[in-house]
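Participant: Line order of the protein sequences matches chains G and S.
Note that the first sequence covers residues 18 to 130 in this note's numbering.
Note that the second sequence covers residues 119 to 232 in this note's numbering.
Everything labelled a hint here was simulated from the structure, so no lab data went into it.
Where is the CB? At the ideal position from N, CA and C, for every residue including glycine.
Hints should not be assumed to be uniformly reliable.
Said to hold, decoys possible - Derived pair list, reagent style BS3-like, types lysine-lysine, alpha-carbon separation capped at 30 Å:
no., chain 1, residue 1, chain 2, residue 2
1, G, 28, S, 160
2, G, 74, S, 176
3, G, 28, S, 227
4, S, 224, G, 74
5, G, 118, S, 160
6, S, 176, S, 189
Claimed, not checked - Label-pair ranges, simulated between beta-carbon atoms:
no., chain 1, residue 1, chain 2, residue 2, range
7, G, 22, S, 170, 30 to 36 Å
8, G, 34, S, 134, 47 to 53 Å
9, S, 170, G, 101, 40 to 46 Å
10, G, 58, S, 144, 20 to 26 Å
11, G, 22, S, 138, 31 to 37 Å
12, G, 93, S, 170, 31 to 37 Å
13, S, 136, G, 104, 34 to 40 Å
14, G, 30, S, 215, 32 to 38 Å
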Amino acid sequence: GAGVSQSPSNKVTEKGKDVELRCDPISGHTALYWYRQSLGQGLEFLIYFQGNSAPDKSGLPSDRFSAERTGGSVSTLTIQRTQQEDSAVYLCASSFRRGEKLFFGSGTQLSVL
Amino acid sequence: GENVEQHPSTLSVQEGDSAVIKCTYSDSASNYFPWYKQELGKRPQLIIDIRSNVGEKKDQRIAVTLNKTAKHFSLHITETQPEDSAVYFCAASIRGGSQGNLIFGKGTKLSVKP
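Sequences are here, hints too, so could you generate the full structure?
Facilitator: Right, here's the structure in full:
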């Protein structure tokens, strides 16, 4: 596709369940980022992938959060044992060059009941 | 760690007036400064960026200025229109590779009143 694609666009889950969020970056983009955005707040960095290098996981808020990127393309963010405070929009972005001209997906709105 | 401070957090202007948003950064090695616009319920989108080898860049009604000595950069929007209402995020590149080499400010909510 022409842009960064995220799915699902909305996810409602019950507290304690696991969820998987998917990001399909722009073809050829080696850098991939995940951010979390709570209502009315800024962009909270979660994790960054660059090519085949080890990811920068410094922003993951707890060990319930994990992410992987397969084949240097599609990425999945997994949240285990979801809590109500996990409710937010999860944004994925990709770029051709690290740190420059990020293209964002439309996000996944996660609601934990 | 490195950070980017953005001011003001909210800004309200009358249609046709100018709006200025300012950011300061801490990493003296920062050399790339993008601005993103996020309309309500939409994704952030890059609207303008500047590199450290220039002091100013313009694109129609928007411009960005950079003062490397003082380590601050600003977004200027002239002749504001209601469709300029959005949250604006500044960012600065950082060395060392952390956070994907990019640190964002906390955002400025701009409201343009018709």
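Participant: When you check the alpha-carbon spacing of residue 28/G and residue 160/S, does it fall within 30 Å?
Facilitator: holds, 17 Å
Participant: Quick one: are residue 136/S and residue 104/G within 34 to 40 Å, going by C-beta?
Facilitator: holds, 37 Å
Participant: Given the hint of 31 to 37 Å, check if residue 22/G and residue 138/S actually sit that far apart at their C-beta atoms.
Facilitator: holds, 35 Å
Participant: Would you check the hint for residue 28/G and residue 227/S, treating anything up to 30 Å between C-alpha atoms as holding?
Facilitator: Holds - the C-alpha atoms of residue 227/S and residue 28/G are around 27 Å apart, at most 30 Å.
Participant: Has the given pair, residue 176/S with residue 189/S, been kept, meaning a C-alpha gap of at most 30 Å?
Facilitator: holds, 19 Å
Participant: Can the suggested window of 40 to 46 Å be confirmed for the beta-carbon pair residue 170/S and residue 101/G?
Facilitator: Holds, at about 43 Å.
Participant: Run the distance test for residue 224/S versus residue 74/G: straight-line Cα separation, threshold 30 Å.
Facilitator: The given pair, whose Cα atoms are some 20 Å apart, holds under the 30 Å limit.
Participant: Please test the hint of 30 to 36 Å on the beta carbon pair from residue 22/G and residue 170/S.
Facilitator: holds, 33 Å
Participant: Are the Cα atoms of residue 74/G and residue 176/S separated by 30 Å or less?
Facilitator: Violated. Residue 74/G to residue 176/S sits at ~36 Å, over the 30 Å cutoff.
Participant: Does the Cβ-Cβ separation between residue 58/G and residue 144/S fall within 20 to 26 Å?
Facilitator: holds, 21 Å
Participant: Tell me if the beta carbons of residue 34/G and residue 134/S are separated by a distance inside 47 to 53 Å.
Facilitator: Between residue 34/G and residue 134/S, where Cβ atoms are some 50 Å apart, the hint holds.
Participant: Does the Cβ-Cβ separation between residue 30/G and residue 215/S fall within 32 to 38 Å?
Facilitator: Given range 32 to 38 Å: holds, Cβ gap about 33 Å.
When each numbered hint is compared with the structure, a violation occurs for hint 2 only.
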